[in-house]
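So the sequences go chain by chain: A and B. Numbered according to UniProt numbering, the first sequence terminates at residue 328, and the numbering increases by one at each position without gaps. Numbered according to UniProt numbering, the second sequence terminates at residue 328, and the numbering increases by one at each position without gaps.
Keep in mind that the hints were calculated from the coordinates and are not lab data. Keep in mind that a hint or two might mislead.
One copy or any two copies: either way a pair holds, since identical chains are not told apart in the list.
Subject to a maximum C-alpha distance of 16 angstroms in a straight line, what follows is the list of computed EDC-like cross-link-like pairs (lysine to aspartate or glutamate) [said to hold, decoys possible]:
| hint | residue 1 | residue 2 |
| --- | --- | --- |
| 1 | K271 | D207 |
| 2 | K25 | E216 |
| 3 | K324 | D231 |
| 4 | K271 | D210 |
| 5 | K195 | E33 |
| 6 | K179 | D99 |
| 7 | K25 | D214 |
| 8 | K138 | D122 |
| 9 | K195 | E98 |
| 10 | K31 | E297 |
| 11 | K190 | E293 |
| 12 | K179 | D231 |
| 13 | K25 | D102 |
Protein chains: 2
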Amino acid sequence: MNDVARVAGVSRGSISNYINGRRTKPATQLKIEAAIEQLNYVPNATARALKTNKSNYVVLIIPTVNTPFFSELSYHMQLSLNQFGYKMILCNSNSNPEDEIDYIQMANMQKVAGIITMSYSDIADIVSPNIPLVAIEKPVSPQFPLVVSDNYAGGQLAAKQLQTLGAKKLLFISKAPVKNISSIREKGFKDFCTKNNLSVSTFLASDSPDFINDFEAFIINHTHNHDFAYDGIFSDADEYASDFWHLLMQQHIDVPNTVQIIGFDAAHVYKRQKIFLSSIRQPVEAIAKTTVEKLYEQMASQHPVSQATITTLPVTFQQGFTTKKVRP
Amino acid sequence: MNDVARVAGVSRGSISNYINGRRTKPATQLKIEAAIEQLNYVPNATARALKTNKSNYVVLIIPTVNTPFFSELSYHMQLSLNQFGYKMILCNSNSNPEDEIDYIQMANMQKVAGIITMSYSDIADIVSPNIPLVAIEKPVSPQFPLVVSDNYAGGQLAAKQLQTLGAKKLLFISKAPVKNISSIREKGFKDFCTKNNLSVSTFLASDSPDFINDFEAFIINHTHNHDFAYDGIFSDADEYASDFWHLLMQQHIDVPNTVQIIGFDAAHVYKRQKIFLSSIRQPVEAIAKTTVEKLYEQMASQHPVSQATITTLPVTFQQGFTTKKVRP
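For reference, chain A alone in the conformation it holds in the complex (with noise of 0.2 angstroms):
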């Protein structure tokens, strides 16, 4: 660090700033880099985290990466938090409680800067107090901020779009149990219906690694001459929905012309991908967005809140192949 300063012919103190990130002149910034650069000097990060007691690592908790939303989420997740400086620790629980409570106490010992968490688990008691945390779609504790989309409005917004393309007999698909979001999405979904005096019935597919079979079998009992006794269909999730559909061209069912389909995320299988199945859109970047900055308002306060803010964020409808063109 000493050579550093001497060739930059900057103060030791200057050196010292810009390597922990604090504010530094653009010209003083500019000869330190020139510096490293000519010395191949490499700050020890971890001697960095040992002196001011805190890493940049941030953890990012969730069930599995290896879905269409949380890819995309992880995604946006960890270019955000690049912004700000740090990296991301990433996490898949399988949604399986000891799993999230041992990358919990993983994240105590290593102090990290802080976690992102979408954990059905309860883990407000393992949290350590000191480090700054943000919850999605669930909350943790009241004393952490939670960032949701608006499930509630997006299931009666597929119900208000089905309604305004003419469908008359609705049905809401999804698999056994439907609990937490996706029994607000399902509430949204048939407030609207019942508010509007259409007609809406549920199918739930058994909770087995078969459920797919279940929706066949329903389809099915369900179709004559292909005809389906239902002309529009709302799932909570889009890999129900994405499923539904295809079993139902399968049986060579015209859809969107005799059966119309929504689902719920809207998420980008493919990054530049057009979505062929019509959604209600979480914002993912958004929410990628808004969680990071959440979590940097905790690192910089230096005063724990008692009551953290709940975000809410809009859902919109995505126009898909399932669904007819409006008319203008």
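Mind docking chain B on chain A? Use the hints.
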């Protein structure tokens, strides 16, 4: 640490061994864990990393986690690393050389335990020789192991499968430019066709965000009376194969009865979802497992090797809805 030793009734050295992950007698381990719990002692990973001069972080650099293949790979990679006691730092490079270099430099600075990278930039010179590294898909330098799927055999397998299923007019589709592993897949496919006197053509969409429009125009230009000019289609990527399938369906072309389609990757969009597209499956779990083993070998060895191994993993054909069922 002294308190833990006192409460557990073991030596300070045993505590140190336990914390540093060295072998400890099971009985001693139980005593230490009970004492740690009783005292609510959190070993400071940062202090440990400084002392041993290495952390337990492994950096994974991929173009983007937001594709089925990379999200499935990241999922298995994190769980495999976890089994060895390592945490995974996820880095999305968007195939941007500057970002790849930034992440490598970050890894050098943070003294990470290792790097796993799928990088198309020339990063060999900037990787610290002291950091274990494993390359996926494309070699970094002869010094570092490479783990790759058998892409050539995958292309051959697709052609053979289409031939067996009765296709006569084969078509390779992709997006320009076809390079790296994609061109190896293409070559395997075409070599099989040439050797077996099968007619084979190529259509490449332009390298633009709207490339799907090129697919659509090609399909419309080559369709007469719901009859598409080709009956066996292979793509080096599930993304393009899936786009093509949906576009053929929109033209009311019967897949798989008149046109059959095979993609590449067969990655799971959702962990438990049935595969709808017939495709050549990369052994994602084996890629993750092998990569982590090759990384761990380097970590455990004191001597860097001059010539590292290349591991080529076998691919398989995965039956979906876009090829006819093979008659036994």
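These are the hints, each one checked on the structure:
In this assembly of identical chains, the alpha carbons of K271 and D207 lie at most 16 angstroms apart only when taken from different copies (15 angstroms versus 30 angstroms within one copy). For a Cα distance limit of 16 angstroms, the shortest separation of K25 from E216 qualifies neither inside one copy, at 65 angstroms, nor across copies, at 54 angstroms. For the identical chains of this complex, K324 and D231 are intra-copy neighbours only, at 12 angstroms inside a copy versus 30 angstroms across copies, given an alpha-carbon limit of 16 angstroms. Taking the closest pair of Cα atoms, K271 and D210 come within 16 angstroms of each other only across two copies (13 angstroms); inside a single copy the shortest separation is 29 angstroms, beyond that limit.
For the identical chains of this complex, K195 and E33 are neighbours neither inside a copy (64 angstroms) nor across copies (58 angstroms), given an alpha-carbon limit of 16 angstroms. Neither within a single protomer nor between protomers do K179 and D99 lie at most 16 angstroms apart by alpha-carbon distance, with minima of 21 angstroms and 40 angstroms respectively. Taking the closest pair of Cα atoms, K25 and D214 never come within 16 angstroms of each other, the shortest separation being 65 angstroms inside a single copy and 50 angstroms across copies. When the C-alpha separation of K138 and D122 is checked against a cutoff of 16 angstroms, the pair qualifies only within one copy, where the shortest distance is 11 angstroms, while the shortest distance between copies is 43 angstroms.
When the C-alpha separation of K195 and E98 is checked against a cutoff of 16 angstroms, the pair qualifies neither within a copy, at 42 angstroms, nor between copies, at 55 angstroms. With identical chains, the CA atoms of K31 and E297 are never at most 16 angstroms apart, being 31 angstroms at best within one copy and 41 angstroms at best between copies. Taking the closest pair of Cα atoms, K190 and E293 never come within 16 angstroms of each other, the shortest separation being 34 angstroms inside a single copy and 51 angstroms across copies. Taking CA atoms no more than 16 angstroms apart as the test, K179 paired with D231 passes in neither setting, with 25 angstroms inside one copy and 45 angstroms between copies.
In this assembly of identical chains, the alpha carbons of K25 and D102 never lie at most 16 angstroms apart, being 42 angstroms within a copy and 22 angstroms across copies at closest.
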